[in-house]
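Trainee: Chain by chain, the residues run as shown.
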Amino acid sequence: MAQVFPSSMNTMARVSIVGGAILLNVLLGGAMAFYRSPFVTNVNVAKEQEVPFSHKHHVAGLGIDCRYCHTSVDTSPFAGIPPTETCMTCHSQVWTEAPILEPVRNSWDTGTPLVWNRVTDLPDFVYFNHSIHVNKGIGCTTCHGQVDQMPLMSKANTFHMAWCLQCHKSPEKFIRPKDQVYSVEWKPGSNQLDEGKKLVEEYGVRVEQLTNCSVCHR
Amino acid sequence: MNTYENTKNRLDLAAVREAMAGRTGREYWQSLEELAETPSFRGFMDREFPREASVMPDGVDRRAFMKVMGASLALAGLTACSRQPNEQIIPYVKPPVELVPGVPMYFATAMTSRGRAIGLLAENQMGRPSKLEGNPNHPASLGSTDIFSQASILSLYDPDRSTVARKLGSISTWDTFAKWIDILVNGEKLADGTKISQGLKDTSGAGIRILTETVTSPTLRSQLEQLQAGIPGLRWHQYEPGGSDSAVRAARLAFGQPVGIQYLFDKADVVLSLDSDFLAPTPENVRHTRDFTAKRRVTPEQHAVSRLYCAEGTPTLTGAMADHAVHVPPSQIEGIARAIARKLGVDAPGPEVDESRRKWVDAVAADLLQHAGTGIVLAGDSQPSLVHILAHRINEKLGNAGQTIVYTDAVEADPQAADQTESLKTLVRDMQDGKVELLIILGGNPVYYAPVDLDFAAALDKVAHRVHLGLYYDETAECCHWHLPEAHYLETWSDALTFDGTATVIQPLIAPLYNGKSAHELLAALAGQGNTGHTLVREYWKKRHGDLGFDAFWKTALAKGVVEGTALPPKDLKVRADLALSAPTPATEGALEVAFCFDSTIGDGRWANNGWLQELPKPLTKLTWDNAVIVGLPLAERLDLSIFDIVEVTVGGRKVQGQVWIQPGQPENLVTLSLGYGRTMACKVAAGAGYNAYSVRTSDKPWFAQGAELKRIGSGPEMARTEVHHLVRGQRLEAQTEHGRPLVRVGSVQEYVADPQLFAREDHLPPHEFSMFTSPTNEHQQQWGMTIDLNACTGCGVCMVACQAENNIPVVGKDQVRRGREMHWIRVDRYYQGDPAGDPRAVHQPVACVHCEKAPCEVVCPVGATVHSNEGLNDMIYNRCVGTRYCSNNCPYKVRRFNFLQYSDQKTPVKQMVYNPDVTVRSRGVMEKCTYCVQRINLARIAAKKEDRKVRDGEIITACQAACPAAAIAFGDITDASSQVAKNRTDLRNYTLLDDLNTRPRTTYMAKLRNPNPELEAIPTNGSSSKKPREH
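For the record, the sequence lines run as chains A and B.
All residue numbers for the first sequence refer to my numbering, where the first residue is 95 and numbers rise by one.
All residue numbers for the second sequence refer to my numbering, where the first residue is 105 and numbers rise by one.
Chain A on its own, in the form it takes in the complex (with noise of 0.2 angstroms):
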């Protein structure tokens, strides 16, 4: 019987093998990386709101503290949007008149809530607690970025697990004083391992501990 294949089809199936693996990789790899792009996880994608509500202006310029608006931070899992009544106690000495106001001030008359898209959302199967986190040494911006740069809100990382281990793994590396908790100017400096470690000994933090499951799902 004559050779149903041509002696050039040795060639190809080497090639297809080696060609299907490299393939797959890429098709996993694009997946991944679609997977890990902004279009998914919207890292540095500024969300549309009702009110083109500036962190950069209030933060950087004006120099208002987190928890003026974020009031539950330390005390609640939940860090608190402003209630309208907040925007109000400056709004209704400046920029009375200012036309991107205008929802803040129709929701004060009317007494009907502001409605914010959320920037940062964990899945539900989540509980994130803010408060134990302000209060051993972990910084706003540590998680949120740099707000005091942003014109618009935008998420500063994927919020993903691996991301939350990093810091759930190896605490000393993100740790900071706790008077510096709210502030956005500290950076970590380059003894920042050793001092973590301190820091994390000193705030006692159980590092063993914060990869326990049900820390964060239940």
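Warning: the hint list may mix true and false statements.
[Claimed, not checked] Restricting the straight-line Cα-Cα distance to at most 25 angstroms, the calculated cross-link-like pairs of lysine-lysine (DSS-like) are: (1) B/1049 x A/292; (2) B/1050 x A/291; (3) B/447 x B/371; (4) B/1050 x A/272; (5) A/263 x B/1049; (6) B/998 x B/726; (7) A/291 x B/1054; (8) B/529 x B/566; (9) A/230 x B/1049; (10) B/664 x B/235; (11) B/1054 x A/272; (12) B/1054 x A/292; (13) B/1049 x A/272; (14) A/267 x B/1050.
The hints are simulated quantities; they were obtained by calculation from the structure and are not laboratory data.
Following the hints, position chain B against chain A.
Mentor: Just chain B now, with coordinates in the frame of chain A:
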């Protein structure tokens, strides 16, 4: 259900007898099906998840199944590719004072049961109540709850609640009604005040009737009094099926006035219950359970515990807790009461009791006499007033009155109306005579539950104007011209008294979801006022307290949940000396007797639409979603009945059909019908469940009637019962006899005192030190553990409901329960010991995940969805679980529950509101189990870490522990020697379930101790002698 199931479930009673023959030891069994080895039982036993092959509906073959599964797998994979949906945050405009977003607030309020309050603390999550706990300040709660108050939060969010006012069945509004009733009652006036038409009031209002359930609310009482002052003809009637008419009549006869009776079980050495189920959900059961179990605690220093005797009809939880219970038809209790009274020198003529009961009667009388002044004799609501009078007489004679029993004035707002059957009879007579022009029914469902001989519905038809205020558009609503949605108690301002007279102001946790109104508001409308409930209640208390310092008083009352100083003072009452007892009721030998009881989980029917309570297994029968015709083994043998058979019960010429359940311990000539089921106008949950026992319940014989007939009609479908589910190796009779390690350990106080090593010795295997399992626990962390004291546990099941409320556990429905798929994280196993045809004993054992240190489930999970935390928790990570169910197969305790279908409701908006925001709502295909309330642990740990300290003992209270009225559950750090749980673990009663497996559970149990009377039960001199020799 097909016939296959019927033959499969046919109970061979001869086999039961055979299995029991010759067994006298301490062997425990769970069901008659187990004793008879029915194929159905075998099926449950042999397969870890019963009947998994029948998941697909009939007609789906293997190939189709593979196609569907393949497609679902592919689609399930694709769903992971979706982008996260956008979520919104909606802040307040002006935030409420004191509210910290994300942190729940707690408010004191109260629920009423038969008018009486049980104080509660409601957890409020950003404006919605999500969980109820007991109020530690409240005398009827002391921090715990019963199943009804625990489950009542689900009724608040019941989507089947009545949502609109209806006039003749069409949608209307409250304002239209208020205007209508104002004109009808007060007459029509022009704007200038000229009257243009007469109202009912102008003719003295003789045609106005108000029908309520039992009322203790001081505000409602004052409103009614004011109304009656303005409209002299207005009459107020009270009726609910759970009224204590015979007790009220007895009090009037014995003391010449209605009384409130407090029983101090924590001071009683001997308690005799004459058909009184005081540990079951009566209004005071939480306090009774707390006090009773407090007097049952045995410590190395203290072993003088109380002894409970119980004479009852159908077995109850109280009977199961009794040291000596006898089961006789309820009509014979009177004879027993008379005999005991005679022995104690009370004049109570009557025939001698049966030979078989004489020894019991003698022993009880002797014991009561010996503990004169520290005993309690109490009679149940189902017993005639004569038995109550006998109890009063005995208590007086022995000097118990004033010591362990405290009399006060009656708590009810109108004690004269407390003979409710008479009250209802008068009303029905007036209705039939056409004297009633306007009937206002404030809550309740009399068309459904009024005694059948009164024919309430027909009488109602003769009333010109009928108004119904109710939570549901029910049987009564349908017969009325006007129906108004009632506000749930968590939506209203009101007040109520508890058993000792202490008042509680009921404050709302949320605005009415459906514009419901309270009885207060309806009465205000009747008076032509538009006052809100808040104003009415506040004004009442302002008047009572006075203006001076009222704001402070009001705030304190609301914050504490009790109004200080309102408890009624004790009264020194004597039974009238000239009171002659009526002649003994002649007993009819051999006649079949029928008894009525409230259903143990849905009460008189008002909880019928509550899925948590429908699915909660009834404490003894372990039936769910149904009521049964309960018969005993001897009767079943005589009439050749099997479980699930359909029978027809004829009482006084009226017939009702139901399915048979054979209850071990049920007396031969007694058939028990439980009330509350068989609704005709029921909403989704209650629809089609059970039969209506009210259809044969008459006003003259509300609790038991002789001369019943019972006829078998045929086989019936399988009922959903859980006693054959989640069976553990070693639970079974032969396994116990083989290895001699029962899962429940029970001894007597006397044995334990003589031999404290009694229970420790039952662990016949030395602990294995070697294990191939690694232990990830860490000595630097606190190590959580739990102990459950079987000596305290009454088996009420409130832990199951509390767990369900706390942990977002879904309701699965009758069909799924039948397949053994109930989702409760805690199950309460009930074991019987002894002859099912005699007076078997029952022991209850709550079992949830025991958090093994060497957990068999963890090593078999292919995806690491169940792993150990270094605090010793066996964590379950839902988002990792792919649903292989290997963990469940490998769990020796059978405590893992799988979401076979999408059980949790994630669509109906109002049902979302009951969910605990701190716990994941699980989806289909996910395994779940007890987490030791890890959300509460995390909360406490975070609070502690912020203050740089360890979690203190008692800081973490699990949901089941908080709810338990018996305080049977302890939780805490087992490495802290001063913690309660660590102390319990070193107690000699402490033991481990299936300890031979070396799983090292963190939940351990404490053996149960009975306190038998040596006169009635030979007590082994050496504790170990009664045990079988151990194999090694």
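Trainee: Against each hint, give a clear statement of whether it holds in the structure.
Mentor: Here is how each hint holds up against the structure:
A hinted pair counts as satisfied when its Cα atoms are at most 25 angstroms apart, and residue 1049 of chain B with residue 292 of chain A qualifies at roughly 17 angstroms. At most 25 angstroms may separate the alpha-carbon atoms for a hinted pair to count; residue 1050 of chain B and residue 291 of chain A meet this at roughly 19 angstroms. Between residue 447 of chain B and residue 371 of chain B, the direct Cα distance comes to roughly 23 angstroms. Compliance with the 25 angstroms bound is thereby established for this hinted pair. With a C-alpha separation of about 12 angstroms, the suggested pairing of residue 1050 of chain B with residue 272 of chain A holds against the 25 angstroms cut-off.
The suggested pairing of residue 263 of chain A with residue 1049 of chain B holds, with an alpha-carbon distance near 18 angstroms, which does not exceed 25 angstroms. Annotation: proposed proximity of residue 998 of chain B to residue 726 of chain B holds, straight-line Cα distance about 17 angstroms (limit 25 angstroms). This hinted pair checks out: residue 291 of chain A and residue 1054 of chain B have alpha carbons roughly 21 angstroms apart, not beyond 25 angstroms. Among the hinted pairs, residue 529 of chain B with residue 566 of chain B is consistent with the structure: their alpha-carbon atoms are about 15 angstroms apart, no more than 25 angstroms.
For a cut-off of 25 angstroms, the pair hint linking residue 230 of chain A to residue 1049 of chain B stands: about 9 angstroms separates their Cα positions. Restraint check for residue 664 of chain B and residue 235 of chain B: satisfied, since their Cα atoms lie roughly 18 angstroms apart, inside the 25 angstroms limit. With a CA separation close to 20 angstroms, the supplied pair residue 1054 of chain B and residue 272 of chain A stays within the 25 angstroms bound. Simply put, residue 1054 of chain B and residue 292 of chain A have alpha-carbon atoms about 20 angstroms apart, close enough for the 25 angstroms limit, and the pair holds.
For the hint pairing residue 1049 of chain B with residue 272 of chain A, the CA-to-CA distance comes to about 14 angstroms; that is within 25 angstroms, so the pair holds. This hinted pair checks out: residue 267 of chain A and residue 1050 of chain B have alpha carbons roughly 21 angstroms apart, not beyond 25 angstroms.
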